[in-house]
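Asker: Each chain, letter by letter, is given below.
Protein chains: 2
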Amino acid sequence: MTDLLIRNLRPMGASACDMLIRDGRIVRTGTELSADGADIEDAGGAIAIPGLVEAHTHLDKTVMGMGWYENTVGADLQAMIDNERAERRRLGIDPARQSMRHALALVGNGTTHIRTHVDIDTDHGLAGLEGVLETREALRGIVDIEIVAFPQSGLTVRPGTAALLDEALAQGADLVGGLDPCGIDRDPKGHLDTIFGLADKHGKGIDIHLHEPGALGAFSMELILDRTRALGMKGRVAISHAFCLGMPDWQRTEALIAALAEEDVAILTTGAPSREVPAVKRILAAGLRMGAGCDGVLDTWNPWNRPDMLDRARIVAQRNNLRSDADVIAALHVCTAGGAAVMGVTDYGLGPGSVADLALLPGTTLAEAVATGGPVALTVKAGRVTGRNGRPLREAA
Amino acid sequence: MTDLLIRNLRPMGASACDMLIRDGRIVRTGTELSADGADIEDAGGAIAIPGLVEAHTHLDKTVMGMGWYENTVGADLQAMIDNERAERRRLGIDPARQSMRHALALVGNGTTHIRTHVDIDTDHGLAGLEGVLETREALRGIVDIEIVAFPQSGLTVRPGTAALLDEALAQGADLVGGLDPCGIDRDPKGHLDTIFGLADKHGKGIDIHLHEPGALGAFSMELILDRTRALGMKGRVAISHAFCLGMPDWQRTEALIAALAEEDVAILTTGAPSREVPAVKRILAAGLRMGAGCDGVLDTWNPWNRPDMLDRARIVAQRNNLRSDADVIAALHVCTAGGAAVMGVTDYGLGPGSVADLALLPGTTLAEAVATGGPVALTVKAGRVTGRNGRPLREAA
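So the sequence lines, in the order shown, correspond to chains A and B. Taking our numbering, the leading residue of the first sequence gets 243, the next gets one more, and so forth. Taking our numbering, the leading residue of the second sequence gets 243, the next gets one more, and so forth.
What the hints contain is simulated information worked out from the structure, not anything from laboratory work. You can trust all of the hints, since none of them are fake.
Using C-beta positions, here's what the derived DEER-type ranges look like:
hint, chain 1, residue 1, chain 2, residue 2, range
1, A, 517, B, 442, 40 to 46 Å
2, B, 606, A, 455, 32 to 38 Å
3, A, 445, B, 490, 39 to 45 Å
Heads up, the beta-carbon is just placed ideally off N, CA and C, and yes, glycines get one too.
Starting from the given sequences, assemble the full structure and let the hints guide the process.
Answerer: So this is what it looks like as structure tokens:
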């Protein structure tokens, strides 16, 4: 654990002060604090925010650093899934190496916490999990990584997958994943009974990808709520994407949001630019926990996403038509404290006693830093400097 | 006019060659061409595309370089219009100075042609036009600027505006603009009769902002088509935004697109992340001319847009769910040749005889250059180097 005095930083854009960190935690902020043996960093007036939280990504599937991937697939979900399963082997996407590159790029860009889904399927078994577990160990103290065992290729439709998920949870995955119970497995009851059963067996949470739009997604969401209630899993289920909450039928949507709030089901968004998305302000107003993520970065799915949660705050804001300074900061909230609440991060924030997970941003105001600032001047994890000027201090292979 | 030999460039990502430019035009491409007195640039294997075309922006309203603008307005269209009219004076947004900053930033990012709307209203008269005309003159030979006289605050609803538009067209505006004939003026017949009358009187084209969604926008579009037919203005009308073409009712949309094709009405998109937008592939497949633009950049409306048409190609692509390499290149088309076709640019392209308007991009393939590349290595306007490494060679005040 590190002792650090950061001089001349501005917490959330407020007046400049110093911040003293001892044993990885914030002791106090104030003026002209004494270093008393701690290392000293001069923030040069940069704005301090709590560490960025990447709450929905796929560390095991980037091709970062492997040359340009020529995409000939297009946008059909099943085609993209099948293409990726085949290309993993052809291209030699090594999950340990690639997750390290991806995670460190996030660290350079101010990230201190990551929730990643890792593909588990009958072609590749637990290879993805093993690679990401290796990266998680190697990056302990640099970034916290939470792993979702994710049946990307389907569950009931590919016999043997449930047993692999079971094994993944035994080997260290933190949550059970799921995927479009109607759209991919075409057996919503079977799919959801299986993943809730696994969560119950292992005492772990759930984070399910739900791309299904409109009434179909709403139906799946109701089945998820049924099982959350039945198993007493209030507060331990998250729904990623949740496109159906962006459907035009607001009566239906409001009822769903109220039911989600009742069971404290969290929502994770990527602000997907070409789909209906859950409305940030509405979800937050209903009291739901809501985080965000960049999704897969430079992979066989698309070339668009960057490993950068400030960039993601901008995307989420624009997708939600957020324009005022206050609304820009709401988008930042989703990418920081919102994601931390979904991941159950404790002692998060800038107050005394909080773990000293920070990102320092250039900018005159907080809204400016979010809207136009970058690169992140300094990333700090539990008082340890892990990134500088948008680059991680540790290098990936 | 400049003579230039560019060595080692790759037209549209093809094999490396040299390009000889004389008197501002491309003479030929080939290997080991002789400079014969021309200046020499080494492109270092960069990918050459024709100059980027910013076909929908507002040069007169950026606050670039004026410090952070704290936005307290939110997203209501009328509120944003009224706020801007008031803030122009309070902040001292000088149209000449600001349009120069904005246009040069675009040049640094590879732009060779700009269509800009300029606010004309009864508070500010022709001040915006005069400033942008000054910038257009100052930047002759660096970037071509086409000006739309734009009644941003409404037309029939603010008496005196039509006379100002008339005067603007006499003083050098190239096209008549318009804005939401139902939504803002609440008098679609009056609004459209006025702007079509002005276009007819001055023998100039039209580019109308149409944010109206769904059936309302479709109604306004039909009134635009009626007048295009009646005045024989086929090929001289453009509709910016055209959100209604993104409405879910595809029967209605297809009929509209067919009618637009019949009258060769062009479509300009910004790929607006929070609205329904016209589908790029569908519009292009119907044979319509389609361009794109970044819209206002760092203004009182929102802090999101960048003066960067490569960035805009990415936004348009993502909004349209374009993923494959071929589709990435379709998005680039809209930001280059598509916009050039809307603006009526002649001799555009990379072939012999074309005006040597170029952007050179880092990247191994064209799709990679568009999806992840930048900054633009070199901007060339009629054979003259105008930008390098994302920065214009000429400095703004």
